[in-house]
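Trainee: Protein chains in written order, with the working numbering: chain A, 1 to 102; chain B, 103 to 199; chain C, 200 to 554.
Hint data in this document are derived by calculation from the structure and do not stem from the laboratory. Every residue gets a Cβ at the ideal spot worked out from N, C-alpha and C, and that includes glycine. Treat the hints with care, as some may be off.
Unchecked claim - In silico negatives: residues of chain C with every beta carbon more than 10 Å from chain A:
#, residue
1, R251
2, L273
3, A370
4, L440
5, I507
6, G508
7, L518
To be verified - Ranges between beta-carbon positions, derived for each pair:
#, chain 1, residue 1, chain 2, residue 2, range
8, B, L172, C, G520, 43 to 53 Å
9, B, A158, C, W454, 47 to 57 Å
10, C, P369, A, L96, 18 to 28 Å
11, A, A56, B, G165, 20 to 30 Å
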Amino acid sequence: MNSVLVFALAGVGLILLGLHALLVQRHLLRKVLAFNVISSGIFLILAGLARRAPGAEPDPVPQAMVLTGIVVAVAATALALAMIQALRTATGRTRLDDDGED
Amino acid sequence: MLVSLSILLLLAGAVFFLAGTLGLLRFPDVYTRLHALTKADNLGLGLIVLGLMLQADSLAAAGKLLFIWLLLLAASATAGQLVASWAQGKGIKPWRG
Amino acid sequence: MAWLNLLPLAIDLVLALTLLWLAWRALSSPDLFRAVVLFIALGLVLGLVWVRLDAVDIALAEIALGAGVTGALLLAALAKLQPGATDSAEPASAAEFAAALEGDPDTPRPALAERAATGTAPIALGSTLDERPVGAAAGTAPIALRWLIALLLIPPCIGLGLVVWRLWVPAPGLTDLVAARLDESGVTYPVTAVLLNFRGYDTLLELAVLLLALIGVWSLSPAPHLDDAEPEPALAALSRLLAPLMILVAAYLVWIGAQAPGGAFQAGSVLGAAGVLLRLSGWRLSPRATGWPLRLALVLGVAVFAFIGLAVIGLGQPLLGYPAGWAKPAILAIELAATLSIGTILAALFIGGRP
């Protein structure tokens, strides 16, 4: 088994963990963490795909895509955190309306 | 010969990191753990950097590696001081064995 | 000694298992602070994994952005979400930041925000920053639902794993295509060529997304009140040492991006980190500078990129098609503007409100 395949499968594992946490955890900050873990899993699969090329040079296009993805994930995280803070100041809660009490 | 010396230094650095991590896990309070983290880890990093410098491609690359170590010394010293003074302000008493 | 050939594979296996374990612990930890710190550690190990995968640019971006900036954003958000900090002005200086983090807004405390950023964060320091204890039992869905969701998620993930396994045949992808046209692109490093020339449209939109996120953050709340308390002296000294150095490193990364891993995004993230460091050490922009100079710096990246992309239409090229021989100066101009913008946007995202 190729070591690159190991990392790609670890990416699948991260997606599984992140999806589970996204659906199950109620606190919005944890959902943001779960979203970031899912993105990392997807990037692992993409970057693993970049190393399928025979020879020493990895494929630069998936690597550029992952780079773009990381920046976009940071931007989305910042916006999500600002929205959580706004929700907190407006309603005093950090959970969405239909998620349990409080 | 240079490569074996560099491998030796890398292994020594790894031993120091292991010691530092052991200290992090086993020491009784914040202040002692800070000792383990800042001193042992930075020394380990210095040894690793020295080992890598012996294998560097050019003098410039070796200089950059040394620079990384010096920067990390400054950063971890500051971080250690900040954590210690925060812990002291929070009222955590040093462990007296 | 044939087992020595298996050593890299063993190391990669250990790294992958560490990733999975860290992710599981970060997502299931009951203490929110511990979860964030474990997430930062996950980002650092992920950086190592990127180096193992021969993707050094991604490693640079992951450690600077994924572990560094995201970690700083999460810790700042955690501080603002603590129960004691909602009614007062959000903590802005380092002293208030730490005070809010331990839930006591009255007594000034030294800063601790640096410790995660420098990577020497002792996870086992035992800080217990739970969110409100009320309703802690309802932190996640009931056990039956959790197991049900886990069971439902396993088949799609097995399917995804199978797809990844099947995709594992050596395939050249676009490597040869990029290598064949690398000379016309204006740079000698393939990833930079792809980012700024061949897939320049994606990068332009990515810069626009960053700016859009900042506009969203600005529209939600005004900037936290600035406190003129005495900054922590060790942190202030460190920032005086590091901030000029970080600007130098950013300039170096932009320049070296044409032939080695580097480029505008990594350099911009180092600049953003410098901005965060300065903010935490008590440095403040003068009110005059937060007017149009700040806004100019923010939009410069998108503006220059869009301007160059559209101006070449007047020269008979398609959108974003640099004319022959002009690719290198165009890419350099775009990268410099983008670095400045990305750094400013990241620092502004950390501050978290319109000035």
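Trainee: If a hint holds in the structure, say so; if it doesn't, say that too.
Mentor: Now for the hints, and whether the structure bears them out:
1. Against chain A, the non-interface label of R251 (chain C) is violated: not every CB pair exceeds 10 Å, the least being about 7 Å.
2. In this structure L273 (chain C) is not separated from chain A by more than 10 Å, as the shortest Cβ-Cβ distance comes to only about 7 Å.
3. Some Cβ of chain A comes within 10 Å of the Cβ of A370 (chain C); the nearest lies about 5 Å off, and the non-interface call is violated.
4. Every C-beta of chain A lies more than 10 Å from that of L440 (chain C), the closest at about 26 Å, which supports listing it as non-interface.
5. Residue-level check passed: I507 (chain C) sits 19 Å from the nearest beta carbon of chain A, beyond 10 Å.
6. The non-interface label for G508 (chain C) is consistent with chain A: the shortest C-beta to C-beta separation is roughly 16 Å, beyond 10 Å.
7. For L518 (chain C), the non-interface assignment is confirmed: its Cβ lies about 18 Å from the closest Cβ of chain A, beyond the 10 Å cut-off.
8. Taking 43 to 53 Å as the suggested C-beta distance range, the pair L172 (chain B) and G520 (chain C) conforms, at roughly 45 Å.
9. Checked against the given bound of 47 to 57 Å, the beta carbons of A158 (chain B) and W454 (chain C), roughly 21 Å apart, lie outside it.
10. One distance hint, 18 to 28 Å for the beta-carbon pair P369 (chain C) and L96 (chain A), is violated here, with the actual separation near 46 Å.
11. Separated by about 27 Å at the C-beta atoms, A56 (chain A) and G165 (chain B) satisfy the suggested range of 20 to 30 Å.
Of the numbered hints given earlier, the model fails hints 1, 2, 3, 9, 10; all others are met.
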